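**Q** If you read the sequences in order, they're chains A and B. Its first residue numbered 1, the first sequence is counted upward by one per residue in the working numbering. Its first residue numbered 1, the second sequence is counted upward by one per residue in the working numbering.
Just so you know, the hints here were simulated from the structure itself, not pulled from any lab data. Don't take each hint at face value.
[To be verified] Calculated lysine to aspartate or glutamate pairs in the EDC-like style (CA-CA distance at most 20 Å, straight line):
(1) Lys395/B x Asp184/A
(2) Lys382/A x Glu446/A
(3) Lys177/A x Asp426/B
(4) Lys164/B x Glu156/A
(5) Lys115/A x Glu373/B
(6) Lys100/A x Glu86/A
(7) Lys481/B x Asp500/B
(8) Lys371/A x Glu119/B
(9) Lys304/A x Asp388/B
(10) Lys103/A x Glu119/B
(11) Lys159/B x Asp202/A
(12) Lys457/A x Glu244/A
(13) Lys188/A x Glu85/B
(14) Lys537/A x Glu490/A
(15) Lys372/B x Glu114/A
(16) Lys118/B x Asp384/A
(17) Lys188/A x Glu120/A
(18) Lys449/B x Glu409/B
(19) Lys442/A x Glu492/A
(20) Lys383/B x Asp184/A
(21) Lys537/A x Glu492/A
(22) Lys382/A x Asp188/B
(23) Lys159/B x Glu156/A
(24) Lys449/B x Asp426/B
(25) Lys89/A x Glu163/B
[Said to hold, decoys possible] One-sided excerpt, in silico: chain B residues whose CB lies under 7 Å from chain A:
(26) Val92
(27) Thr95
(28) Pro100
(29) Tyr103
(30) Asn114
(31) Asn124
(32) Phe127
(33) Gln129
(34) Leu150
(35) Gly158
(36) Asn198
(37) Trp202
(38) Val422
Keep in mind that this is a model prediction, so the values were computed, not measured. Cβ atoms here follow ideal geometry from the backbone N, Cα and C, with glycine treated the same way.
Chain by chain, the residues:
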Amino acid sequence: MVKSVEDDLGTRLGSQMISDENSSVVKTNQALLTGEGEASVNSSCERKKKEMKKETRLGISVKRDEDYGNWYSEVCRFGDLVEYYESVKGIYILKPSAMKIWKTIQRLFDAEIEKMNVEEYYFPIFVPGSALEKEKNHIEGFAPEVAWVTRAGDTELATPFALRPTSETVIYPFFSKWIRGHRDLPLKVYQWCNVVRWESSDPTPFIRSREFLWQEGHTAFATKEEADREVLDVLNIYSRVYEELLAVPVIKGIKSENEKFAGGLYTTSIEAFIPSTGRGIQAATSHSLGQNFAKMFDVTFEDKKGKRSMVWQNSWGLSTRSIGVMVMTHGDDEGLVFPPRVAPFQVVVIQVPIKGAADDQVLCNACEAVKSTLQEAGIRAKVDIRDNYSCGWKYADQELKGSPLRIEIGPRDLANDQVRIVRRDTGAKMDVKRGGMIEQVKDLLEKIQRNLYDVAKRKVEECTQKVETWDEFVKALSQKKLILAPWCDEVEVEKDVKKRTRGDETGGGGAKTLCTPLEQPELRKDTLCFASGKPAKKWSYWGKSY
Amino acid sequence: MVASLRLPSLTSILFPATTRRYPASLRRTVCLRNRPLSGFATAPSGTASPETKSPEVDRLRSDRAVTPRSQDFNAWYLDVIASAELADYGPVRGTMVIRPYGYAIWEAIQDYLNVKFKETGHSNMYFPQFIPYSFIEKEASHVEGFSPELALVTVGGGKELEEKLVVRPTSETIVNHMFTQWIHSYRDLPLMINQWANVTRWEMRTKPFIRTLEFLWQEGHTAHASPEEAEKEAKQMIEIYTRFAFEQTAIPVIPGRKSKLETFAGADITYTIEAMMGDRKALQAGTSHNLGQNFSRAFGTQFADENGERQHVWQTSWAVSTRFVGGIIMTHGDDTGLMLPPKIAPIQVVIVPIWKKDNEKTGVLSAASSVKEALQTAGVRVKLDDTDQRTPGWKFNFWEMKGIPLRIEIGPRDVSSNSVVVSRRDIPGKAGKVFGISMEASTLVAYVKEKLDEIQSSLLEKAVSFRDSNIVDVNSYDELKDAISSGKWARGPWSASDADEQRVKEETGATIRCFPFEQTQGTKTCLMTGNPAEEVAIFAKSY
Chain A
1 MVKSVEDDLG
11 TRLGSQMISD
21 ENSSVVKTNQ
31 ALLTGEGEAS
41 VNSSCERKKK
51 EMKKETRLGI
61 SVKRDEDYGN
71 WYSEVCRFGD
81 LVEYYESVKG
91 IYILKPSAMK
101 IWKTIQRLFD
111 AEIEKMNVEE
121 YYFPIFVPGS
131 ALEKEKNHIE
141 GFAPEVAWVT
151 RAGDTELATP
161 FALRPTSETV
171 IYPFFSKWIR
181 GHRDLPLKVY
191 QWCNVVRWES
201 SDPTPFIRSR
211 EFLWQEGHTA
221 FATKEEADRE
231 VLDVLNIYSR
241 VYEELLAVPV
251 IKGIKSENEK
261 FAGGLYTTSI
271 EAFIPSTGRG
281 IQAATSHSLG
291 QNFAKMFDVT
301 FEDKKGKRSM
311 VWQNSWGLST
321 RSIGVMVMTH
331 GDDEGLVFPP
341 RVAPFQVVVI
351 QVPIKGAADD
361 QVLCNACEAV
371 KSTLQEAGIR
381 AKVDIRDNYS
391 CGWKYADQEL
401 KGSPLRIEIG
411 PRDLANDQVR
421 IVRRDTGAKM
431 DVKRGGMIEQ
441 VKDLLEKIQR
451 NLYDVAKRKV
461 EECTQKVETW
471 DEFVKALSQK
481 KLILAPWCDE
491 VEVEKDVKKR
501 TRGDETGGGG
511 AKTLCTPLEQ
521 PELRKDTLCF
531 ASGKPAKKWS
541 YWGKSY
Chain B
1 MVASLRLPSL
11 TSILFPATTR
21 RYPASLRRTV
31 CLRNRPLSGF
41 ATAPSGTASP
51 ETKSPEVDRL
61 RSDRAVTPRS
71 QDFNAWYLDV
81 IASAELADYG
91 PVRGTMVIRP
101 YGYAIWEAIQ
111 DYLNVKFKET
121 GHSNMYFPQF
131 IPYSFIEKEA
141 SHVEGFSPEL
151 ALVTVGGGKE
161 LEEKLVVRPT
171 SETIVNHMFT
181 QWIHSYRDLP
191 LMINQWANVT
201 RWEMRTKPFI
211 RTLEFLWQEG
221 HTAHASPEEA
231 EKEAKQMIEI
241 YTRFAFEQTA
251 IPVIPGRKSK
261 LETFAGADIT
271 YTIEAMMGDR
281 KALQAGTSHN
291 LGQNFSRAFG
301 TQFADENGER
311 QHVWQTSWAV
321 STRFVGGIIM
331 THGDDTGLML
341 PPKIAPIQVV
351 IVPIWKKDNE
361 KTGVLSAASS
371 VKEALQTAGV
381 RVKLDDTDQR
391 TPGWKFNFWE
401 MKGIPLRIEI
411 GPRDVSSNSV
421 VVSRRDIPGK
431 AGKVFGISME
441 ASTLVAYVKE
451 KLDEIQSSLL
461 EKAVSFRDSN
471 IVDVNSYDEL
481 KDAISSGKWA
491 RGPWSASDAD
501 EQRVKEETGA
511 TIRCFPFEQT
521 QGTKTCLMTG
531 NPAEEVAIFA
541 KSY
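Just chain A, same shape as in the assembly (with noise of 0.2 Å):
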């Protein structure tokens, strides 16, 4: 199905193009004629884009508060991060601008975990089914989203082997070989690799997929207190890559009893929020394992004075969900947004070409000329060269794809040393003179990285509410907020917030608790949990989720 639409679009596509080409010379003539300047040129393409949207479908056809999860999906695969992949459900094609965020994450990621001493490895992807049984709690967990190969060519295997879901139970029985005494520790191991989860929900790219890229951190230490402060040290990053590279507010804190990860100590998370759909998201996790799988898998040491004892584990996650949670807060009607720093282009430089005028070519070079400066003052750039399309049609794909910045380049322009610079984020337009160009475009660059974060903090502030009683808390819930509410930290009562909201006009499953968030505001001696009303003990965010 996908496939017919991709067909219909092409070839649309092509006959549009022609077309609006030969509008595109007579309207540029026209504003060059009757004397309106290169003003009205760069407006008179403006109009032109709108117009070529509406009959070629190349933009988003549809409003992003209106129909989130189909602007998402168009976003993710007219955006050209994603293809479908209608063979297999629920899997997904990354293309190369999604590689390439993918690897800048990595980069920084990789760049922060070596000064913690955490060295890179490979573990297979394939986990003898009793390995996988080991742990309990695990394998229940998981058994419902386990791929089998049961067959090798033509024969069927005595022993189905699963594709990792998670490499636990593929990396601890090496941790038991691999250290002996005191001198083994800490091990702190990391590995970027694909898992599968056969997951039957609601498959989304990014946020849901049955096969996804991630980075998986396994630790062991001799003591709690070294262990406790690397689950920290490693939320930091993440929460850096989060809110540095990729300009989401995030925040940082502790998983409920209900909501940690089984077999574990405790859980931290980043949670994001999405106010177009009022639901947090989480976005990435560090796991305080305890003694809990040391004992399982035997992983001890003998201490300094000779005395075995148990390791205190780790283990953290972040995966390609980043990218999509990227999308999800920056996007707008017009596609993608970017936030700089991620973004695999920067600039796009766009030639705003009158067509049988003699200086096409010197308008060719001029780009070209743009592009090497930038380039060579480190800035992604590039320009978009396809003679096929109108400037028009380049301006929608440079917005529907997201470049933080476009620089238009036309005969006005070229005859005034300057170049028309249009901001991604905010729609603003200035003609800077070409000697400061580079400073201008840096400028703008770190703007609108800081901008893009503030806008999405101020969003989601917005959507921030405190609450104290249950009221208060079914009204904010249906007004799709982000809920700070005092809680007395009891498991059934989570379960019963759960139950009591499922099933609201807001659809989806029921609220639960997002985290605890690091940062508590005071809490009063009287203050009352807004369930149960016992004493509260702490406030915690509520919500819906992904």
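With chain A held as given, fit chain B onto it using these hints.
**A** Using the frame of chain A, we list chain B on its own:
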């Protein structure tokens, strides 16, 4: 663990009572076998199914001395991998865990090639690991070539799958499936992509790095508007691999064309680089395929050319894998252990400080640190082994076994004379040792860099002369048999049939490794038939 990251709800983990299980029959067999069985290289013949190996029983002996290479090449290879901590056996027979030292070599390979791929206009992508079985069947010779090695997923999410899925052995089929949707006109061409991924081939005879059920690789896939362009691309990529082998890994590979029998399943032409290992067996270290229109016809990958006519695209694919790491070990290693070419060595220089009395320690260590600092600043990958739990002698042996190209020794006397001792890994004993190299930063850095370069070229020279002294020019089948039985490679004119080639394989165990690009001039007659021959072929036993 990190599980919760992707789970829509954690309740399924916490309250699993309602969860579906995979079929009971499956589970029973899963629990059944847990006895330790075969490790690598000793796959039991006859059993088609790899066994679960209990991780407690490991065959890798990391604390034992390395078996001398001259004594037992295979045991030496496995020992080196264990002792140098390059890899460990995975929990499933035939799989491996790549440990940081081995992974760092792979990363050096990636770093170099990734830059070259980008320079030549390729973009990285990621394609799914699961391929519907029907895709694999579309290209007839492809399915024939791969079907015995396919791992099939038939159960997912607790249910029997409607269509069984192949865990990718290579990605031509899924790539073509997508290319068909992305390519419309000549403007979309050439389309040139690459991916770094894991692939699975259910092999029976396995060996760490050389042949494992799962391995890591890069696979490039391109589509072009003309056969000439595709051919140029295929040749360009084998050229990049060749340069990489020579310049970075000091492996003098022989680039050439595969025979029809050895051509990739689904390709028109396969180009290869063939390397001679220390035991004189050949290792196919990289391949580049001209796929012609085989896949584009099977998948209907067409474009409208400049005249508006529909044509099938012309394609290539090319790959290098973690096998290359095995090639590096087996080319340069010696009785002592690993020997790494400086350009890809994760650690190029190790500094071993030497002191006897406590009052000497501070001076020696501070000198060692400043030497390390100076080298690091100059971009040399250096490691200071300053632990006091091992003797200097133990450290010498250990780092030699790990294959570090250069060792710097600093003792109290060196500190007072402001100099260091430098030892080369590739020249054993006194001959490779130079005393009194000034500790002064610029002098030392210049000296170290020069030595690293020397080692790099010396390793290549050694490998070239080893290779050339083990290739015999032959003109008859008898000569060929003699050469092969004495463990050498045979090079001779060849124009005989596939059946003859098959016969050589059965009778001697050798296969045509390639028709080398570098051909001798003059008229040739086929060594088998006596008919005129256009080219010489290289025959050898191989991994």
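**Q** Each of the hints needs a verdict: does it hold here or not?
**A** Going through the hints against the structure:
As the CA atoms of Lys395/B and Asp184/A are separated by approximately 17 Å, the hinted pair is consistent with the 20 Å bound. About 19 Å separates the Cα atoms of Lys382/A and Glu446/A, which keeps this hinted pair within 20 Å; it holds. Between Lys177/A and Asp426/B the CA atoms are separated by roughly 33 Å; this puts the pair beyond 20 Å, and the hint is violated. Among the hinted pairs, Lys164/B with Glu156/A is consistent with the structure: their alpha-carbon atoms are about 13 Å apart, no more than 20 Å.
Annotation: proposed proximity of Lys115/A to Glu373/B holds, straight-line Cα distance about 17 Å (limit 20 Å). Under the criterion of a C-alpha separation no larger than 20 Å, the hint pairing Lys100/A with Glu86/A is inconsistent with the structure, at around 24 Å. Between Lys481/B and Asp500/B, the direct Cα distance comes to roughly 14 Å. Compliance with the 20 Å bound is thereby established for this hinted pair. Only pairs whose Cα atoms come within 20 Å are accepted, and Lys371/A paired with Glu119/B is accepted, the gap being roughly 17 Å.
For the proposed pair Lys304/A and Asp388/B, the alpha carbon gap of about 16 Å is at most 20 Å, so the pair holds. For the proposed pair Lys103/A and Glu119/B, the alpha carbon gap of about 17 Å is at most 20 Å, so the pair holds. The straight-line distance between the Cα atoms of Lys159/B and Asp202/A is roughly 17 Å, inside the 20 Å bound, and the hint therefore holds. As the CA atoms of Lys457/A and Glu244/A are separated by approximately 13 Å, the hinted pair is consistent with the 20 Å bound.
Proximity of Lys188/A to Glu85/B is assessed by CA-CA distance (about 15 Å); at most 20 Å being required, the pair is judged to hold. Restraint check: the Cα-Cα separation between Lys537/A and Glu490/A comes to about 10 Å, which is no more than 20 Å; the hinted pair holds. Of the pairs offered as hints, the one joining Lys372/B and Glu114/A holds, with about 19 Å between alpha carbons and a cut-off of 20 Å not exceeded. The suggested pairing of Lys118/B with Asp384/A holds, with an alpha-carbon distance near 19 Å, which does not exceed 20 Å.
With a CA separation close to 9 Å, the supplied pair Lys188/A and Glu120/A stays within the 20 Å bound. Straight-line distance between C-alpha atoms of Lys449/B and Glu409/B comes to about 17 Å, which keeps the hinted pair within the 20 Å bound. Our distance criterion of 20 Å between C-alpha atoms is broken by Lys442/A and Glu492/A, whose separation comes to about 53 Å. Simply put, Lys383/B and Asp184/A have alpha-carbon atoms about 18 Å apart, close enough for the 20 Å limit, and the pair holds.
Restraint check for Lys537/A and Glu492/A: the C-alpha separation of about 15 Å stays at or below 20 Å, so the hint holds. Our distance criterion of 20 Å between C-alpha atoms is met by Lys382/A and Asp188/B, whose separation comes to about 17 Å. Among the hinted pairs, Lys159/B with Glu156/A is consistent with the structure: their alpha-carbon atoms are about 17 Å apart, no more than 20 Å. For the proposed pair Lys449/B and Asp426/B, the alpha carbon gap of about 15 Å is at most 20 Å, so the pair holds.
Straight-line distance between C-alpha atoms of Lys89/A and Glu163/B comes to about 11 Å, which keeps the hinted pair within the 20 Å bound. Checking Val92/B against chain A by beta carbon gives a least distance of about 4 Å; that is within 7 Å, so the hint holds. About 4 Å separates the beta-carbon of Thr95/B from the nearest beta-carbon of chain A, less than 7 Å, and the hint is met. The interface hint given for Pro100/B is met, as the beta carbon of that residue sits about 4 Å from the closest beta carbon of chain A, less than 7 Å.
Because the smallest distance between the Cβ of Tyr103/B and any Cβ of chain A comes to about 5 Å, under 7 Å, the interface hint for this residue holds. Contact between Asn114/B and chain A, as hinted, is not supported at the beta carbon level, the nearest pair being about 10 Å apart and thus beyond 7 Å. Below 7 Å, beta-carbon pairs count as interface contacts, and Asn124/B has one with chain A at about 5 Å; its hint therefore holds. Taking 7 Å as the C-beta cut-off, the interface hint given for Phe127/B holds, the closest approach to chain A being about 5 Å.
About 5 Å separates the beta-carbon of Gln129/B from the nearest beta-carbon of chain A, less than 7 Å, and the hint is met. This hint holds: Leu150/B has a C-beta 6 Å from the nearest C-beta of chain A, less than the 7 Å allowed. For Gly158/B, the interface hint holds, the least distance from its beta-carbon to any beta-carbon of chain A being 5 Å, beneath 7 Å. The closest approach between the C-beta of Asn198/B and any C-beta of chain A is roughly 6 Å, which is under the 7 Å cut-off, so the hint is satisfied.
At its closest, the beta carbon of Trp202/B sits 4 Å from a beta carbon of chain A; the interface hint therefore holds under the 7 Å criterion. Because the closest C-beta pair between Val422/B and chain A is about 28 Å apart, greater than 7 Å, the hint is violated.
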